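Heads up: the protein sequence lines correspond to chains A and B, in order.
Counting from 1, position 517 in the first sequence corresponds to residue 517 in this note's numbering; the numbering is continuous, with no gaps.
The number in this note's numbering is simply the position in the second sequence, starting from 1, with 1000 added.
Wrong hints could be hidden among the right ones.
As the list claims (entries may be wrong) - Some chain B residues flagged as far from chain A (calculated, every beta-carbon gap over 12 angstroms):
no., residue
1, Ser1027
2, Ser1028
3, Trp1031
4, Asp1048
5, Lys1055
6, Val1057
7, Leu1068
8, Gly1075
9, Tyr1099
10, Val1128
11, Gly1227
12, Thr1432
13, Leu1471
14, Leu1488
As the list claims (entries may be wrong) - Here are the simulated distance ranges between beta carbons:
no., chain 1, residue 1, chain 2, residue 2, range
15, A, Arg593, B, Thr1056, 40 to 46 angstroms
16, B, Glu1134, A, Tyr573, 34 to 40 angstroms
17, B, Ala1463, A, Ala42, 27 to 33 angstroms
18, A, Val595, B, Thr1211, 51 to 57 angstroms
19, B, Val1484, A, Val521, 38 to 44 angstroms
20, B, Leu1437, A, Arg593, 22 to 28 angstroms
21, B, Thr1056, A, Val582, 46 to 52 angstroms
22, B, Glu1050, A, Gln94, 54 to 60 angstroms
Simulated from the structure, these hints should not be mistaken for lab results.
Please read all numbers here as calculations on a predicted model, not as lab measurements.
In this text, a Cβ means the ideal position worked out from N, Cα and C, and glycines have one as well.
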Amino acid sequence: MLTALLAARGPLDTWSPTFIELLALFAPLVAFIVILTFTIDARRVSAWIAIVFTAAALVAAVLVLAIELVHPLHLERNSTYLTFFTNEAGAASQFKLEWGLVADGLAAVMLVVVTAISLIVQLYARESMRGDSGYVRFFVITAFLTFAMEGVVLADNYFALLFFWLLVSACSYLLIGHWWQRPAAASAARKAFLVTLIGDAGLLIGILYVYFRFNELNFQALAPQYAGGKVGATGLFIMGGLVLLGAVGKSAQFPLHVWLPDSTEGPPPTAAFLQAAGTAVAGGYLVARTFSLFQVSPRALLAVGLVGGGTAVLAGLWALAERSLPRVIAYLTMSQMGLVFLALAARGVGAAVFQLVTHAFFTACVILVAANLVSVMRTDSLFEMGGLWRRLPLSAWTMLIGAAALVGIPPLSGFWSQTAIAARLIQNGNAVLISLAMVALFLSGLAAFRLYFLVFSGETVRRRRFEIDRIREPRSQLTTPPMVLAAVAIVAGVIGLPQIRRNVVSFVTLLVPGSAFSITVPAVALATLPVLAGVVVAWLIYGQRLVPASMLARRLTPVYGPLRHAFFLDFAYRQSIRRGLVPLARAANRAERWVDHVLERGGAMAGTLGGLRVAPGPRVQQSWLGLLAGLVAMAALAMVAAAGWIKVKG
Amino acid sequence: MNQLAALAQTAPIGSTPGGEFPTLLLSSILWVPTIAAVAILFFPARTDVERDRIKTVAVSGASLALALAVVMWYGFREQFTQFAYDESHPWIKAVGAAYHLGVDGVSMPLVLLATLLFLVAVLASWRVRERLKEYMVLLLLTQTAITGVFAALDYLLLVAFWAMALIGLTLLIAGWGGRRRVPAAWRFFGFTMGAWALLVLAVLIMHFKATAPTFDIGTLHDQVFRGTIGGLLLWLTVAAFGITLAAVPLHGWLLDTVSEAGTPVAILVAGLVVKLGAYGLVRVSLGQFPEPLHRVNTAIMVIGLVSVLWGGLSALGQDNAKRLVAALTVSQMGLVVLAVSSGRQVALDGALLLLFAHGLIVAVLLGVVGLVAERTGTASLAGLGGLAARMPRGAVLGVVGALAALGVPGFVGFTGQLMLLVGSYPSHRTGTMVAVLGLLLGAAALLTMLQRLFFGSLAESHAKVRDAGTLEVGYASGLVFLLVLLGLLPALLIDNINSGVLSLLIRAGA
Chain A
1 MLTALLAARG
11 PLDTWSPTFI
21 ELLALFAPLV
31 AFIVILTFTI
41 DARRVSAWIA
51 IVFTAAALVA
61 AVLVLAIELV
71 HPLHLERNST
81 YLTFFTNEAG
91 AASQFKLEWG
101 LVADGLAAVM
111 LVVVTAISLI
121 VQLYARESMR
131 GDSGYVRFFV
141 ITAFLTFAME
151 GVVLADNYFA
161 LLFFWLLVSA
171 CSYLLIGHWW
181 QRPAAASAAR
191 KAFLVTLIGD
201 AGLLIGILYV
211 YFRFNELNFQ
221 ALAPQYAGGK
231 VGATGLFIMG
241 GLVLLGAVGK
251 SAQFPLHVWL
261 PDSTEGPPPT
271 AAFLQAAGTA
281 VAGGYLVART
291 FSLFQVSPRA
301 LLAVGLVGGG
311 TAVLAGLWAL
321 AERSLPRVIA
331 YLTMSQMGLV
341 FLALAARGVG
351 AAVFQLVTHA
361 FFTACVILVA
371 ANLVSVMRTD
381 SLFEMGGLWR
391 RLPLSAWTML
401 IGAAALVGIP
411 PLSGFWSQTA
421 IAARLIQNGN
431 AVLISLAMVA
441 LFLSGLAAFR
451 LYFLVFSGET
461 VRRRRFEIDR
471 IREPRSQLTT
481 PPMVLAAVAI
491 VAGVIGLPQI
501 RRNVVSFVTL
511 LVPGSAFSIT
521 VPAVALATLP
531 VLAGVVVAWL
541 IYGQRLVPAS
551 MLARRLTPVY
561 GPLRHAFFLD
571 FAYRQSIRRG
581 LVPLARAANR
591 AERWVDHVLE
601 RGGAMAGTLG
611 GLRVAPGPRV
621 QQSWLGLLAG
631 LVAMAALAMV
641 AAAGWIKVKG
Chain B
1001 MNQLAALAQT
1011 APIGSTPGGE
1021 FPTLLLSSIL
1031 WVPTIAAVAI
1041 LFFPARTDVE
1051 RDRIKTVAVS
1061 GASLALALAV
1071 VMWYGFREQF
1081 TQFAYDESHP
1091 WIKAVGAAYH
1101 LGVDGVSMPL
1111 VLLATLLFLV
1121 AVLASWRVRE
1131 RLKEYMVLLL
1141 LTQTAITGVF
1151 AALDYLLLVA
1161 FWAMALIGLT
1171 LLIAGWGGRR
1181 RVPAAWRFFG
1191 FTMGAWALLV
1201 LAVLIMHFKA
1211 TAPTFDIGTL
1221 HDQVFRGTIG
1231 GLLLWLTVAA
1241 FGITLAAVPL
1251 HGWLLDTVSE
1261 AGTPVAILVA
1271 GLVVKLGAYG
1281 LVRVSLGQFP
1291 EPLHRVNTAI
1301 MVIGLVSVLW
1311 GGLSALGQDN
1321 AKRLVAALTV
1331 SQMGLVVLAV
1341 SSGRQVALDG
1351 ALLLLFAHGL
1361 IVAVLLGVVG
1371 LVAERTGTAS
1381 LAGLGGLAAR
1391 MPRGAVLGVV
1401 GALAALGVPG
1411 FVGFTGQLML
1421 LVGSYPSHRT
1431 GTMVAVLGLL
1441 LGAAALLTML
1451 QRLFFGSLAE
1461 SHAKVRDAGT
1471 LEVGYASGLV
1481 FLLVLLGLLP
1491 ALLIDNINSG
1501 VLSLLIRAGA
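Only chain A is shown next, with the shape it has when bound in the complex:
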């Protein structure tokens, strides 16, 4: 029966990539529903359900990727969310919102990244979250975030994208606020939600604008229309700017970057997921997906580059003065996303996605090792660690691979993706973008290896009530996931090699001709020399301690202070809310009371003037009776009169 059905439709119809994507999309949702319905009280079973279904999603994602590699097709599967005919402006037209899945290179690659990172993070969390009272809650929401992220990367139109996009915001809120008992975590969650919502509001207005102008939301259908002359250059720039605002909020780019460092208040697996393949990645993906819009607006593209480059430089600077280990990594993530935006600005969609892929693995690796270190050392301060090279060799090696891949030391994965970006920048970028990239790469090398040397070299700082001789590697369930990620981080560069027929760069950008890249000497130089310089400087200052860090800090106080507080931006935002918005809201409340008071007095006076004097009472409100009686009587009288009049007339 089943085979007959399948045969009738042909294998590619039934097992089309979009159908498998559907399975991948719904697997985590099924886990979410199953856990909520049946196993909410069973901790271990719930965790396994989430993991198994995510693994199933990963398998499906790999299948999609394999099919796409063999048959690079662009397929869409749409189903109606809402449709009806409208009579707008006299002409019958259709209002239609659709769910849509797209199967193409970009979606397939990102789908694998999202599901793979989600799976590894959950495997890690199964052990690391073990004593947590919100264990099941963590897995439930992580499964849902996996579903939402998959929805974002699979969406084929702006409506479906916005739908899942906002779900990602909500999930990030719930995950960052996982330890809600801690005021810092609760505040960080609210901040993350609100700051990303500002970007989301920009995206929403952008979508309204697009729909208003083109009466279309499908990415594929819109792609040729942007350049069609329906919208002028300024209109396209505004459109691109609004979509970019959404991407900036999610990917924590300047000036909506303030939520990401605070998001480390959430559980470490959450930070790994959000930064490696979750919220932070969604922004870069959005610009890549809507690239046909940016392509036709050089100004919008330049804005992307300036935002990305500026953020990468700023984040590198801020990371240099940060003392908390997870926060340094959060800044490094911002810097990575800045590089992705730079690549996009240089019209390198493939290079940008390549960077997103490599970033996912080495960043997750670094975050998970850092989480192990924090739990072993019971502190997150870089200056209370040190000398762990001898005590924790396994972690040291894993972290070394992760950090080296992150900064792009050859031949690790980051090197290949950064070379691809550098090639694009040399080809298409202007001097500003190239110099921003150079500074950003130098700073990222410096910051990452500052972290590395502060943690692993030198002597372990002695603290009270902490016996450093009892430092041990964590259990193997906690060290294996980052080691797997490190292994991937070593080899992941292969997928971008120009020698491969369908390397990730050309694969993703099949539709954007002329985006292939070749490894040239200038590109390699641009990608590696600043990084190596940064690493060497870090080694001299923090590894060899040629300059004592304390003296450095003292000498550089005027620079160091502003850096440590990230140029007081967060502070300024908070103050403008505390000193501006909140007093304004309070003033609004006072004005409300005042208006009420005036209205009451007015009502009382009207009642008196109307000759309906009530006995003066202690409460002003009582005089309302007067006004009311007057109005009601008036109405009633009028009615009676009307009835009588008509009777007489009739």
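Here the structure of chain A is known, so what remains is to put chain B in place on it, guided by the hints.
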């Protein structure tokens, strides 16, 4: 599936309900609660067992009304230029008034919402002990009145039901609630009755200016009011409905009432009374005076935007959680005014869907906030915190309700807001952007409320607070289920709403 649908359409049953044969469905929905109220009058209320019996009767009455309303929804098919379940009997022949009921896509969801929220209100009143009999009787009579407003097709009948609803609610606010409930009841009565008087005035002018003396809404819709008289009538109705839907600056009564009334009554006021205003704005201001409205649509839009922004800002500054939810209601109703001012089909569809969604959301939020206030003795955010430790179920409901309120997709509130904004954008581009800003303020207020109520460390004095009971969790989960169901399958309502809006706009000669 398609074959089934085709079968259903060819089948004689329900093809055009109320078209050919007389139906009593709407009357039944209206008067079943009254019958239950009359029955309760004969019940004693001295012991707990007797009081339980009264509650059972009340729940049965409200459930039966809801069941009939679901039958009404199920049997409803797309209607053009005519009303479904039409019932008409002469009433006061001398003035041409009739007992005329009927629903179209605009009013049908609101009738459904009203019966649903009244069932929720009756369930939420489970712990009322004082004067239970009087309470239940008033509640059920008010249900008849409010459902009646949505179903009435005769202006005289409509204003009669309207006045009955306001009097019933005033008594409910004054009799059962917080410490300052009596002044709050007076304010409620003052503002809404003042608004009602303006409406009566407008109705009387229409009655006398019409070619034939009638109160029939359908007949009067065909009458065109232009020039000064049209403008006057428009502003009279806009003022009346604006006050009723708590448009800034005449919204203070809503904040007071919601914070002082008992939880069930607060749900009714924030969930249904403001909807009376919104419904009137669509049915009367837009349906009756489209041309005068079109001339001043910028002014109306400004009224809406001021409400959206001010509501959000005011919510952000509130210390009292109940007043915060009420201020958010002001903001949401401002969105509806924006949609009406645009006069566009998609915007109005979204607005009506949002009205439905907001009713459910406000019931969840006020249910949770009311529960917190009841269990801790305060609704002031300053004195609360960390309650998720003691009230995990309440906290989950609160978080879900807040997410639904701030427009997270998957809940129907998102769909309504999105359609409203998409529809309004071509008419008011800047206005729509400003409205999005107001939504952001509202979101900030909601998240702050969650944080201050549930997160952080628990105060010593609240160490023994009890969690939400099965009853609260039960009805709130039911509402959340509906929010998600409609959020995923909005066609369940939108198809009907759309046909109603379309015929309203066509009749209005748009």
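Discussion item. Hint compliance check: list the failing hint numbers for this structure, sorted ascending.
Written reply: 12, 14, 16, 18, 19
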